[in-house]
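Q: Chains as they are written, first to last, in the numbering used here: chain A, 1 to 488; chain B, 1 to 438; chain C, 1 to 274.
Check before you lean on any hint, since a few could be wrong.
Each computed PhoX-like pair below joins lysine-lysine, with the alpha-carbon atoms no more than 25 Å apart [stated by the list, open to error]: (1) B:LYS120 to B:LYS187; (2) C:LYS121 to A:LYS482; (3) C:LYS31 to C:LYS263; (4) B:LYS98 to B:LYS76; (5) C:LYS161 to C:LYS138; (6) B:LYS122 to B:LYS163; (7) B:LYS102 to B:LYS83; (8) A:LYS386 to C:LYS115; (9) B:LYS107 to B:LYS189; (10) C:LYS140 to B:LYS23; (11) C:LYS140 to C:LYS161; (12) B:LYS251 to A:LYS482; (13) C:LYS115 to A:LYS482; (14) B:LYS333 to A:LYS34; (15) C:LYS98 to B:LYS23; (16) B:LYS23 to A:LYS386; (17) B:LYS176 to B:LYS107; (18) B:LYS381 to A:LYS101; (19) C:LYS138 to A:LYS386; (20) B:LYS107 to B:LYS76; (21) C:LYS39 to C:LYS87; (22) A:LYS386 to C:LYS121; (23) B:LYS250 to A:LYS482; (24) C:LYS115 to C:LYS152; (25) A:LYS128 to B:LYS381; (26) A:LYS386 to C:LYS140; (27) C:LYS138 to B:LYS23; (28) B:LYS120 to B:LYS98.
Simulated from the structure, these hints should not be mistaken for laboratory data.
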Amino acid sequence: MSSLLVLAIVVAIGLVAFVIGRQRAAAQDNGTVKPHSRAHYHGWWACLLAVLPAVLLLTAWNIGSSVYLDRHIHAALPERTANSAVASEALDVSLVKSLAKGLRQLDANTLAALPATFADLQPLLAAKGVALATDTQDYMIPIAVEANAVQSRLGMIGAALTLLLSVAGAFYALGQIRPRARARNNVERLMLWGLLGASTIAILTTVGIVLSMLFQTIQFFESVSPMSFFFGTVWDPRFAAAGSGGSQGQFGLIPLLAGTLYIALVALLVAVPVGLMSAVYMAEYATPRIRSVVKPALELLAGIPTIVYGIFAVVTLGPFLRDLSAALTGGSPFIQGQSIFTAGLVMGMMLIPVVSSLSDDIITAVPRAMRDGSLGLGATRSETIKRVILPAALPGIVGAILLTASRAIGETMIVVLAAGVAANLTANPFEAMTTITVKIVNQLTGDLEFNSPQTLVAFALGITLFALTLVMNIVALYIVRKYREQYE
Amino acid sequence: MTDIPMDTMVRVAAHPRRDIGLKARYAAERRFRIYGMLAISVGLAFLAIMLIAIVSKGYTAFWQTTISVPITFDEKVIDPSNKRAIDPTVLIKANYPKLAEKALVAKLGINPDDKPTILKLKGLLSEGVRVQLRDIVAADPSVIGTTRNVNILAAANLDSAFKGQIDLGVEEARRKVSDQQIAWMNKLKADGAMAERFNTGLFSYGASSRPETSGMGVAIIGSFYMMVIVLVLALPIGVAASIYLEEFAKKNRFTDLIEVNINNLAAVPSIVFGLLGLAVFINFLGMPRSAAFVGGLVLTLMTLPTIIIATRAALAAVPPSIRSAALGLGASKMQMVFQHILPLAAPGILTGTIIGLARALGETAPLLLIGMVAFVADYPKSPFDPATALPVQIYMWANEAERAFVERMSGAIIILLVFLMAMNVTAIVLRRRFERRW
Amino acid sequence: MNIMTEQSLENAVGDKMNAKSNEVIKMRGDKVGVFYGDKQALFDVNLDVRQNQVTALIGPSGCGKSTFLRCLNRMNDTIDSARVTGKITLDDEDIYDKNIDVVELRARVGMVFQKPNPFPKSIYENVAYGPRIHGLAKRKADMDQIVEQSLKKAAIWNEVKDRLQEPGTGLSGGQQQRLCIARAIAVSPEVILMDEPCSALDPIATARVEELIDELRQNYTIVIVTHSMQQAARVSQRTAMFHLGYLVEEGATDKMFTNPDDKRTQDYITGRFG
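Turn these sequences into a full structure, and let the hints steer you where they fit.
A: Structure follows, in structure tokens:
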């Protein structure tokens with residue numbers, strides 16, 4: 001019996017329990033005792049007791065049985081020797097499992113007269129649309145058949161236990177229905193646990209990010225030393241096709257980090273003055289009419305996906321700047337089609353609305369009394385802004401710039417398209433440089449062997465990027481929070 | 001009213017004027033204002049230039065050059081040995097481009113025996129004609145032996161030439177269409193046979209190595225699946241988490257940790273979520289690569305913080321008096337939240353959700369890592385089948401060299417921007433409409 | 001004229017006293033009305049402010065007294081929807097005239113706000129701010145002197161002289177308000193407007209500020225909005241009573257509190273409303 005079907009039956013039991021529970025509770029309400037909870041809470045409680053423990057059991061049982069099955073297959077496999085036909089034990093097990101999965105597609109008659117060799121079996125499976133790896137061995141066939149038998153037996157037991165628990169839960173809850181029983185409190189307690197569970201997903205995500213990347217990074221550092229990664233100045237990972245192995249490249253972080261920071265710097269040089277001045281103008285000068293036009297336009301700018309900016313950079317702006325520089329020197333262009341300058345400029349444009357909306361919030365948080373105090377002394381508006389408001393907002397603005405910098409460092413699509421892929425170390429902003437994010441994408445797209453350093457390095461780059469932005473975000477958020485508290 | 005005290009007493013005390021540098025100060029004031037206006041103009045000008053650049057490159061993608069010719073579904077060409085009753089593959093393998101070729105030969109009055117000329121004629125037609133005609137026959141085999149008008153696809157180069165995007169002043173050897181083809185094109189155009197028609201293929205085709213037969217069909221379906229998954233998962237989880245944090249959580253270390261976490265996750269680079277998806281969903285849990293389901297999960301995790309932050313703001317904006325009123329009537333805290341606070345906060349939650357969805361729809365980087373940069377020609381039947389997404393499709397077209405792909409790419413960007421704009425405008429309108437001042 | 005030495009100040013004050021300067025009308029409101037959007041908040045107010053006297057504006061909350069005060073140095077300009085009608089003069093010049101510069105006006109008519117609002121800067125910088133933007137001190141030594149004089153006049157010098165570089169926000173509420181007064185004095189205004197300057201202070205701090213106001217009267221013309229009639233009685237020579245946007249009654253403070261003409265004034269000072 002499939003788990004899905006069991007689940008459906010459990011839900012059906014739950015629904016029945018709900019209906020009975022509600023009816024029974026309603027029937028008990030004869031007006032003599034004031035019931036503690038309304039009838040439908042009794043229904044829900046019965047439903048929850050019928051469904052939740054059963055589902056938990058089913059999940060646990062499924063995980064347990066798959067672990068058990070793995071061990072079972074391991075035990076059944078022949079002893080490994082130096083000349084085993086299959087490269088690794090793990091591959092052995094996974095071949096058996098896919099074979100077993102394939103066998104389940106066959107009908108009973110075919111299974112009864114199963115051929116003993118894989119060569120004979122393959123066409124039968126192919127007819128069902130099952131494609132298997134060619135190094136599946138003959139000795140695996142009986143193991144797979146046995147594994148299937150074990151699995152279906154475990155499945156049956158699990159289903160039976162689950163249904164039993166479900167019915168038991170329903171009966172227990174229904175038996176407890178009294179007018180003074182606190183069904184609502186029970187239901188609400190469970191709901192609270194549900195809400196708490198939902199809020200821990202954020203933590204689980206962070207833990208998932210850190211653990212998954214850490215795990216792969218440690219694996220990466222087994223073949224490449226952390227020293228040569230963090231302090232290496234050459235990035236040349238070599239191409240490693242699946243299975244080729246052995247080709248060892250150089251994985252120096254420095255050129256990527258330099259490119260990342262350089263492009264982010266150019267972007268900030270564009271975005272911070274423009275964004276900040278826009279925010280100041282919007283908060284202090286603009287009439288409501290101008291504000292009602294410009295604000296949505298800036299929001300629109302912020303809502304455009306970064307891929308669009310990247311394409312604009314590579315299709316329109318890059319060639320334009322290249323031709324322009326060629327026209328200026330009258331010969332060879334000094335701005336390359338993909339360059340730090342182009343990528344930084346476009347990224348800066350993308351960040352203008354980010355800076356302006358963050359600083360807008362911060363500038364408007366400066367209390368009106370500050371403005372009045374300065375204006376009342378006879379300061380002009382710009383004097384008030386430059387000498388009172390901006391200094392008062394400075395910590396908040398620093399936080400906003402840090403947050404923006406973290407966006408710039410983590411930005412991917414613009415640099416993938418506009419910055420280039422060559423890992424140069426250069427100070428000339430009109431040449432191409434590459435970034436951490438570009439290399440993560442490069443190393444992970446295409447068919448690569450997963451456990452090669454060429455692939456794993458992406459996770460080392462990822463965790464570096466994560467750590468970098470994490471520090472910036474936390475510092476920035478802390479500063480902004482402290483800043484807000486100051487004026488509350 | 002008071003009377004003004006005896007005017008005779010008024011003496012004007014002329015106060016000496018001080019020089020407080022007004023002229024220079026007002027000049028500085030004007031300069032500062034101009035900087036502000038400049039800054040805003042830079043932002044708006046950039047927006048305008050970018051939109052114009054994209055629209056001017058992309059609007060032509062919505063039209064596709066086709067040639068309307070009477071095609072004779074000649075049995076001798078399709079099934080010369082009359083075996084289709086026993087071997088259905090005959091109808092699939094048949095030489096359909098030959099039919100189109102013959103029709104054009106007749107239309108243009110070319111000598112059917114002039115082989116070299118006919119070879120050049122092939123340049124007019126798209127490879128997609130094979131599929132186009134095959135599908136007609138497959139849908140209705142009785143068409144064999146009859147003649148009917150079909151709008152067959154023109155080749156990408158001819159499409160560009162027809163739209164005037166190829167500079168005919170360049171010498172013949174260095175451009176992609178020959179003089180002979182141009183002459184034919186003009187003849188067909190004069191006949192009214194060749195014309196630009198609305199490009200439905202842009203919305204329906206999947207991936208293809210030829211621009212004229214590639215479209216965003218698969219990408220639209222993929223993106224749709226992902227949006228549904230994000231909505232179904234992120235909205236309830238986000239709202240539940242916000243309710244807990246805003247209404248129930250006590251102020252302690254643990255809730256502080258969750259807070260910092262959520263705020264930080266909102267600022268984590270999106271590509272990191274792609275790495276998470278690759279390592280956990282695909283490698284560890286063994287989910288299929290390139291599938292919309294995995295993409296949806298990754299985007300869900302990415303969108304959650306946005307939704308939670310918006311929802312918490314909406315919940316916090318409901319005034320305490322409503323809470324006290326509900327509790328005072330004997331509602332439990334849970335009832336208060338679900339029956340009073342949540343409905344009042346709904347518009348704010350909805351706005352945040354739409355903005356989060358819009359961000360997810362435009363997101364590219366994490367999808368690249370979970371293998372959604374895939375050449376998928378067939379529609380995914382379920383979220384577990386390989387698919388691409390709108391922005392990823394744009395990215396893939398950006399990597400193609402041919403100019404016709406650039407046109408399609410820009411067209412795709414226009415469509416994506418229209419979707420996003422519609423979502424953002426909805427969010428803004430919702431916010432305006434339901435904005436409540438307590 | 002940038003800095004007045006104490007000697008010259010005393011001379012100037014002496015001259016004015018001799019000339020019975022308490023009868024000079026420094027500012028005059030003539031049919032002043034204020035609109036916030038469509039709503040009229042102030043109606044046809046005619047009021048004189050006499051030089052070197054303290055004029056108190058009293059009345060129940062929302063009566064328009066603060067609105068009138070903010071007209072006197074055009075602080076209402078900073079509110080988009082506000083519109084002022086009628087005429088207000090300073091030394092017989094219409095301050096809403098096109099030729100009058102608002103910045104210069106505010107340098108002549110200073111303001112102290114309800115809540116102390118020191119800038120998040122050092123005590124020294126708070127006081128130096130006004131002179132600095134107006135270019136009143138050419139040298140550092142001049143500035144030091146202005147700061148010291150202003151702090152002394154605001155009766156806070158002894159409390160802060162050893163910590164001039166500490167942030168102004170670190171002072172107590174009463175000290176902050178006296179710092180704000182010093183800040184206003186530093187510009188050497190002719191008129192100082194005070195909008196309920198003691199409402200955020202405790203009684204002891206209030207007493208210090210009231211004493212200060214009385215001392216400042218020697219050199220400046222002061223208009224104070226206050227909620228408390230006792231305060232008006234203590235510090236002012238003339239009092240104006242506002243109600244629902246109208247000026248109800250105006251006159252010498254002694255008379256207002258002992259023998260008012262208007263019934264509403266009687267009610268208000270006897271606590272029947274407010």
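Q: Does each hint hold? Answer for all of them.
A: Each hint, compared with the structure:
1. B:LYS120 to B:LYS187: Holds, at about 15 Å.
2. C:LYS121 to A:LYS482: holds (17 Å)
3. C:LYS31 to C:LYS263: Distance of about 22 Å is within 25 Å: holds.
4. B:LYS98 to B:LYS76: holds (11 Å)
5. C:LYS161 to C:LYS138: holds (22 Å)
6. B:LYS122 to B:LYS163: holds (19 Å)
7. B:LYS102 to B:LYS83: Status holds; Cα separation ~23 Å.
8. A:LYS386 to C:LYS115: Status holds; Cα separation ~23 Å.
9. B:LYS107 to B:LYS189: Holds: LYS107 of chain B and LYS189 of chain B sit about 12 Å apart, inside 25 Å.
10. C:LYS140 to B:LYS23: Measuring from Cα to Cα gives roughly 23 Å; hence the hint holds.
11. C:LYS140 to C:LYS161: holds (17 Å)
12. B:LYS251 to A:LYS482: holds (17 Å)
13. C:LYS115 to A:LYS482: Measuring from Cα to Cα gives roughly 22 Å; hence the hint holds.
14. B:LYS333 to A:LYS34: With Cα atoms ~21 Å apart, LYS333 of chain B and LYS34 of chain A stay inside 25 Å; holds.
15. C:LYS98 to B:LYS23: holds (16 Å)
16. B:LYS23 to A:LYS386: Roughly 18 Å between the alpha carbons, so the hint for LYS23 of chain B and LYS386 of chain A holds.
17. B:LYS176 to B:LYS107: The hint holds at about 23 Å.
18. B:LYS381 to A:LYS101: Answer holds: LYS381 of chain B to LYS101 of chain A is near 22 Å, not above 25 Å.
19. C:LYS138 to A:LYS386: Holds: LYS138 of chain C and LYS386 of chain A sit about 21 Å apart, inside 25 Å.
20. B:LYS107 to B:LYS76: holds (20 Å)
21. C:LYS39 to C:LYS87: Answer holds: LYS39 of chain C to LYS87 of chain C is near 19 Å, not above 25 Å.
22. A:LYS386 to C:LYS121: holds (13 Å)
23. B:LYS250 to A:LYS482: Within the cut-off at roughly 21 Å; holds.
24. C:LYS115 to C:LYS152: OK: LYS115 of chain C and LYS152 of chain C at ~21 Å, within 25 Å.
25. A:LYS128 to B:LYS381: Holds, at about 19 Å.
26. A:LYS386 to C:LYS140: With Cα atoms ~21 Å apart, LYS386 of chain A and LYS140 of chain C stay inside 25 Å; holds.
27. C:LYS138 to B:LYS23: holds (18 Å)
28. B:LYS120 to B:LYS98: Distance ~13 Å between LYS120 of chain B and LYS98 of chain B Cα, so the pair holds.
Checked against the numbered hints listed earlier, the structure breaks none of them; every hint is satisfied.
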